[in-house]
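Order-wise, the sequence lines are chains V and E. Just so we're aligned: the first sequence equals residues -10 to 296 in our numbering. Just so we're aligned: the second sequence equals residues 100 to 370 in our numbering.
In case anyone wonders, no lab produced these hints; they're calculated from the structure. All residues carry an ideal CB built from backbone N, CA and C; glycine is no exception. Some hints could be false.
[To be verified] Where chain E lies over chain V, by a calculated footprint (3+ residues, C-beta under 8 Å):
| hint | region |
| --- | --- |
| 1 | 65 to 72 |
| 2 | 94 to 105 |
| 3 | 113 to 122 |
| 4 | 181 to 193 |
| 5 | 282 to 296 |
[Unchecked claim] Just so you have them, the derived chain E footprint on chain V, three or more residues with Cβ under 8 Å:
| hint | region |
| --- | --- |
| 6 | 45 to 59 |
| 7 | 169 to 175 |
| 8 | 220 to 229 |
| 9 | 256 to 265 |
[Unchecked claim] So, partial list: chain V residues that the calculated Cβ filter (under 10 Å) puts toward chain E:
| hint | residue |
| --- | --- |
| 10 | Met62 |
| 11 | Val158 |
| 12 | Asp198 |
| 13 | Leu205 |
| 14 | Leu213 |
| 15 | Leu274 |
One-letter residues, chain by chain:
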Amino acid sequence: MWLPRWRRAKPWQCRWCGASCGVMETDPGLLMAAVRSPYQRDPAWRGRLAWLLVSAVLLWPLLVLTEFRPWRMLDSRSLQVTAHFLAGFLPPALDADFLRVVARETWRTVAIATAGVTLALLLAAPLALVATAALSISSLSGRMGVVPFVTRQAARALMVALRTVPELVWALVFVRVVGLGPTSGVLAIGLTYGGMLGKVFAEILEGSDEHPTRTLLANGGGRLQAFLYGLLPQAAPELTSYTIYRWECAIRSSVVLGFVGAGGLGQQMDSSLKMLAGNEVATMLLVFIGLVWLADSASAWLRGLLR
Amino acid sequence: MSAGPPAFERLPSGLITPRVRAGSVLLAAIALVVASFWSLDLQWSALWSRDSLAAMARFAGEFFPPDTSALFVSKVVQATAETLAMSALGTLVAALFGLLLALPAARTHGGALWRVPTRLLLNALRAVPELVWASLMLITAGLGPMAGTLALALHTTGVLGRLFAEAIENAPPAPAFALRAQGARPAQVLLYATLPQVAPQLLSYTLYRWENNIRAASILGVVGAGGLGQLLSYHLGLFQMGRTATVLLAMLALVLAVDTTSYFARRAMTR
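Isolated chain E (complex conformation):
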């Protein structure tokens, strides 16, 4: 009596094999790409025409030389400082509010009554990009860096709140349990067991978001929310290309400086 392979191994493969699925997904992707190019009336011919190429070359040529007069450079430096301040303050405010919202959003504290609405709020804050928040904030806070700061703070609160909530949920439960067993109140458990454990992680998330926010703050100004972006869109709008070039250079220098600093800081910390 030979025991053949169990019956379930010989079941016919279903209609949707991985190959069929991969093929249909690929077909759908191709259809999406074709439909996208077809439905957008892209002006390729206008872009590659001799006139527009000449215009583009002239446009690029106007960037040189960048305006390096002392007065304008000091203005750019001021705007750079403003950008940095916006990002720092926005991140700080976001870290505070993110922590406040992370507590009810985390599974460890409180019940679903608070958790569900808090999570919804965090998701909504996170889903709207900084630039959209900035143009909404312009209505309330008026033109200037405060609108940008608030916009950064709102979006980052959503991001950090979610990250913080996850960090709190993933903290080892033993110290909290030990305190609770000794009769400590929830606030004490949080202050003396949960927070000290997750503090380094919260700090590293905050620094990571700060890095992102510096980049975001430099462009938020194009809707009028202060910093380098506002200078950029102002001078670009007036077709003062030399000054635009200076602002662009400052922006690139800022981004590159942030990238290198974070690269070396990360390397130093992980070593």
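The shape of chain V in the complex, shown without the other chains:
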């Protein structure tokens, strides 16, 4: 095989592997044979092709069901609206009145999350205490009694029910009952997060060392005493850490709840979006990202303190 001078490999570098393998110097014909050799071919190409076809066939109904036609976004009218909206993003709205509104709504978002988590704690703590099998007196001597067992399972079922309904659905329902405003947001977060916190609290309590608790119970301590002196000292850091983490999540979800009318930054963002006020949306998105970042670092710092 003839190559022009500039394409010929230098003695110290091979054109095919970039190193000094020496193939080029020995025999270019040998090299071409190696390239075409069956070892170079993908040995699994049939399988790969089959998988590709199968996934294409599976993908088709997905595209149909989701009405996925991205080119629809590229027609001139849609592009015009989008461009107009995006052009409004710069500069973000920074007049004093609007900033004051944003600051008030941001605080409300935080307040809804905090009040909601407080409510959730009030709900979760008793439920978790009831659901924890480690605090069972009847199971000290053999199997747990029927009534305690049924009570524990009922508490668990209640927590599952609270947790399964998304907070947005709770909020939608409460907005119908108590009207627009932060009350429905607080209630929605309280109920859903009550279920979540209760379940995880019960799991944490079950996961800690049972020995001190059982000793206290066996020596005549009450369930609350056994919890306070046996379980709580072990589990407190983890319980606190999880609560803080959930508070952080609640801030994120309280923004989302605003979109159905539960107050806070979300509600404001929703109305600005409906008016296609790009500059206001831009400001609020920036504030929201900052808020999430702040909550994130505050929660990381607080949880770091516990360690």
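Given the coordinates of chain V, assemble chain E onto it according to the supplied hints.
Below, chain E alone, put in the same frame as chain V:
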């Protein structure tokens, strides 16, 4: 000559002992809670008044019986399929773009010139929740499931991109090094050393996000982005409570089915 304890052991404890710190954090938390309840004009009295309790009971009573006419049930089934399709397609698109963005975002490939802006982009995508993306996408993509799919894809790209980048960074470096030492190009190193090693992890992250996205997709519709949520907010808005109840039941069934499937799948895989 007695050697006492080294001097540094006897240094007086600083002003901020752990106890002081814990106390101040606790005080701050209590202040935050009090300020929250104080500043939100919560209508507890309205909530617990006899009228509103009666209204709530009436409201809950209207949910029964759920609408089980064949026509409506088939509509709900259709919406459920739409929800599943939205979540699946959104996750798939996100996995593709997440992988594309994870490569420059990972410390192993490329320099800071690409890494820093990519990471910023991923963080921004991740910080905005799906529902906010959905209401932004409504402007571009119009009402319907495509906006929801795009919203899921955007948020999930941020999440998966970051997780993928971490997985790629944490892959054992030896195989990649071996290929590089043989003179393989960066693309070859990626395809034949890094990706095969992290593929199972990428797949499990993707499945985990899919599970989350099914839950998210079922509620995205309340802003008009398709799926069960759109049906829910539509019938709730018209106060057709029987139909709302059917949609709610479908939603709960979907969430419970996803939870149980993932529980058993996890158990089967870890066994």
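Taking the hints in turn, this is what the structure says about them:
1. For a cut-off of 8 Å, the count of residues in the region 65 to 72 of chain V with a CB near a CB of chain E stands at 3, and the three-residue condition holds.
2. Residues of the region 94 to 105 of chain V with a Cβ under 8 Å from some Cβ of chain E number 7, which satisfies the need for three, so the listed coverage holds.
3. Coverage of the region 113 to 122 of chain V by chain E is violated [criterion: at least 3 residues with CB-CB distance below 8 Å; count 0].
4. For the region 181 to 193 of chain V, the proposed coverage by chain E is not satisfied: 0 residues have a C-beta within less than 8 Å of a C-beta in that chain, short of the threshold of three.
5. With 3 residues having a beta carbon nearer than 8 Å to a beta carbon of chain E, the region 282 to 296 of chain V meets the requirement of three or more and the stated coverage holds.
6. Given a C-beta distance limit of less than 8 Å, the hint that chain E covers the region 45 to 59 of chain V holds, as 10 residues qualify and 3 suffice.
7. Three residues within the 8 Å Cβ limit are the bar, and the region 169 to 175 of chain V against chain E gives 4, so the coverage statement holds.
8. Counting residues of the region 220 to 229 of chain V whose C-beta sits closer than 8 Å to any C-beta of chain E gives 0, which falls short of three, so the coverage hint is violated.
9. Counting residues of the region 256 to 265 of chain V whose CB falls under 8 Å from any CB of chain E gives 4; the rule of at least 3 is met.
10. Because the closest C-beta pair between Met62 (chain V) and chain E is about 5 Å apart, less than 10 Å, the hint holds.
11. Because the beta carbon of Val158 (chain V) sits about 7 Å from the nearest beta carbon in chain E, less than 10 Å, this interface hint is met.
12. Given the 10 Å rule on beta carbons, the hint for Asp198 (chain V) is violated: about 23 Å separates it from the nearest Cβ of chain E.
13. Annotation: Leu205 (chain V) was flagged as interfacial toward chain E, and the flag is violated, the nearest CB pair being 25 Å apart, outside 10 Å.
14. A distance limit of 10 Å between C-beta atoms decides the matter here; for Leu213 (chain V) the minimum to chain E is near 21 Å, and the interface restraint is violated.
15. Restraint check, Leu274 (chain V) versus chain E: the minimum CB separation of about 7 Å is within 10 Å; hint holds.
Figure legend: structure checked against the earlier numbered hints; hints not met, in rising order: 3, 4, 8, 12, 13, 14.
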